[in-house]
Amino acid sequence: MGISERMGDVLGQAVEAKLLREVEEHDIKVNHLAIIMDGNRRFAWSKALTSSLGHRLGKEKLEQVMDWVLDLNIQFFTVYALSTENIINRNDDELMDLYQLYIDGLRDIADDERIHANGVKVQIIGRREMLPKSVNDAIDYAENKTKNYDKFTFTVCLAYGSREEIISAIQSIADDHAKGKLPLKDIDETQVSNRLYTSNIPDPDLVIRTSGEERISNFLLWQMAYTEFYFTDVFWPSFSKKEMLKAIQTFQQRKRRFGE
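Everything in the sequence shown is counted per my numbering, starting at 1222 for the first residue and increasing by one.
Incorrect hints may appear among the rest.
Subject to a maximum C-alpha distance of 30 Å in a straight line, what follows is the list of computed BS3-like cross-link-like pairs (lysine-lysine) [as the list claims (entries may be wrong)]:
1) K1250 - K1342
2) K1476 - K1280
3) K1250 - K1268
4) K1406 - K1239
Each pair of labels, with its calculated beta carbon distance range [said to hold, decoys possible]:
5) T1271 - K1354: 41 to 51 Å
6) D1313 - D1361: 37 to 47 Å
7) K1368 - S1393: 41 to 51 Å
8) N1252 - D1329: 41 to 51 Å
9) R1328 - D1409: 38 to 48 Å
10) H1247 - A1395: 23 to 33 Å
11) K1463 - A1338: 20 to 30 Å
12) E1306 - W1266: 16 to 26 Å
13) P1404 - K1239: 23 to 33 Å
14) A1395 - T1271: 44 to 54 Å
15) K1463 - P1404: 48 to 58 Å
16) G1401 - Q1474: 24 to 34 Å
17) N1357 - P1404: 35 to 45 Å
Hints in this document: simulated from the structure, not taken from any laboratory. Quick reminder that beta carbons are idealized off the backbone N, C-alpha and C, glycines included.
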């Protein structure tokens, strides 16, 4: 490594340290961070790598980001891992690779000492009936091993689609109304929110999407009514702690209006 590269590394570390200090000292905190992890395949293609390797690098990045989230004491962390549309549109070979990654990742995280030391509850939301039994077994393993924790909550959206989630909530409301359990006058936002997959966690404060795409792709549509967004051009495997701190600092500098 040349002198200029070493100087660049030192400068980058100094910038990151400054950002970290400013974020930690700010009065406004991110309580719930959600990330749309996008760009694994494009990262791989840009490096002449296989899509499978790109997804594996994305898994490793998530493990790293989990450390940052815990260090920053962000109590709720949600990631968009696989949409219902992905299951329909991706080829079988790629899906099999992804499923194996989820199996490995869920079992790894359930056995990770960091998870237990920090009291992280792991939960998976989505249409589990669309997933193979092997993935569902791994989900059960991770959830059962962490079900009694309540200090942090890590939510993985797997086989997830927000429209389907909202429809399911509406069907539940309609069923209760038809049975006389829920008067029409009592149907409100709270009734919907309480029937969503995310009923046990607060709405996201900040959503980060990587890869340069600026859309929400059927992710937490109801829950993001007053969420702040941060879009970055970097692909998910290249996502850095500095970039995450920049996103949080941007959030801290905004005035949240909550519909005003």
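Hints, verified against the model:
This hinted pair checks out: K1250 and K1342 have alpha carbons roughly 20 Å apart, not beyond 30 Å. Using a Cα cut-off of 30 Å, the hinted pair K1476 and K1280 is violated, with the two alpha carbons roughly 33 Å apart. A hinted pair counts as satisfied when its Cα atoms are at most 30 Å apart, and K1250 with K1268 does not qualify at roughly 36 Å. With a CA separation close to 52 Å, the supplied pair K1406 and K1239 exceeds the 30 Å bound.
For T1271 and K1354, the Cβ-Cβ distance of about 26 Å falls outside the hinted range of 41 to 51 Å, so the restraint is violated. A beta carbon spacing of about 24 Å between D1313 and D1361 contradicts the range 37 to 47 Å that was offered as a hint. Taking the beta carbon of each, K1368 and S1393 are about 23 Å apart, not inside 41 to 51 Å as hinted. Taking the beta carbon of each, N1252 and D1329 are about 26 Å apart, not inside 41 to 51 Å as hinted.
The hinted range of 38 to 48 Å is satisfied by R1328 and D1409, whose Cβ atoms lie roughly 40 Å apart. The supplied range of 23 to 33 Å is broken by H1247 and A1395, whose beta-carbon atoms lie about 44 Å from each other. K1463 and A1338 have their C-beta atoms about 26 Å apart, which keeps the hinted 20 to 30 Å range intact. Checked against the given bound of 16 to 26 Å, the beta carbons of E1306 and W1266, roughly 20 Å apart, stay inside it.
Our hint of 23 to 33 Å for P1404 and K1239 is violated, since their Cβ atoms are close to 56 Å apart. Between A1395 and T1271 the CB atoms are about 46 Å apart, so this pair conforms to the stated range of 44 to 54 Å. A hinted range of 48 to 58 Å holds for the C-beta pair K1463 and P1404, which are about 52 Å apart. Between G1401 and Q1474 the beta carbons are some 50 Å apart, a value that contradicts the proposed interval 24 to 34 Å.
Distance hint for N1357 and P1404: a CB-CB separation of about 37 Å, consistent with the stated range 35 to 45 Å.
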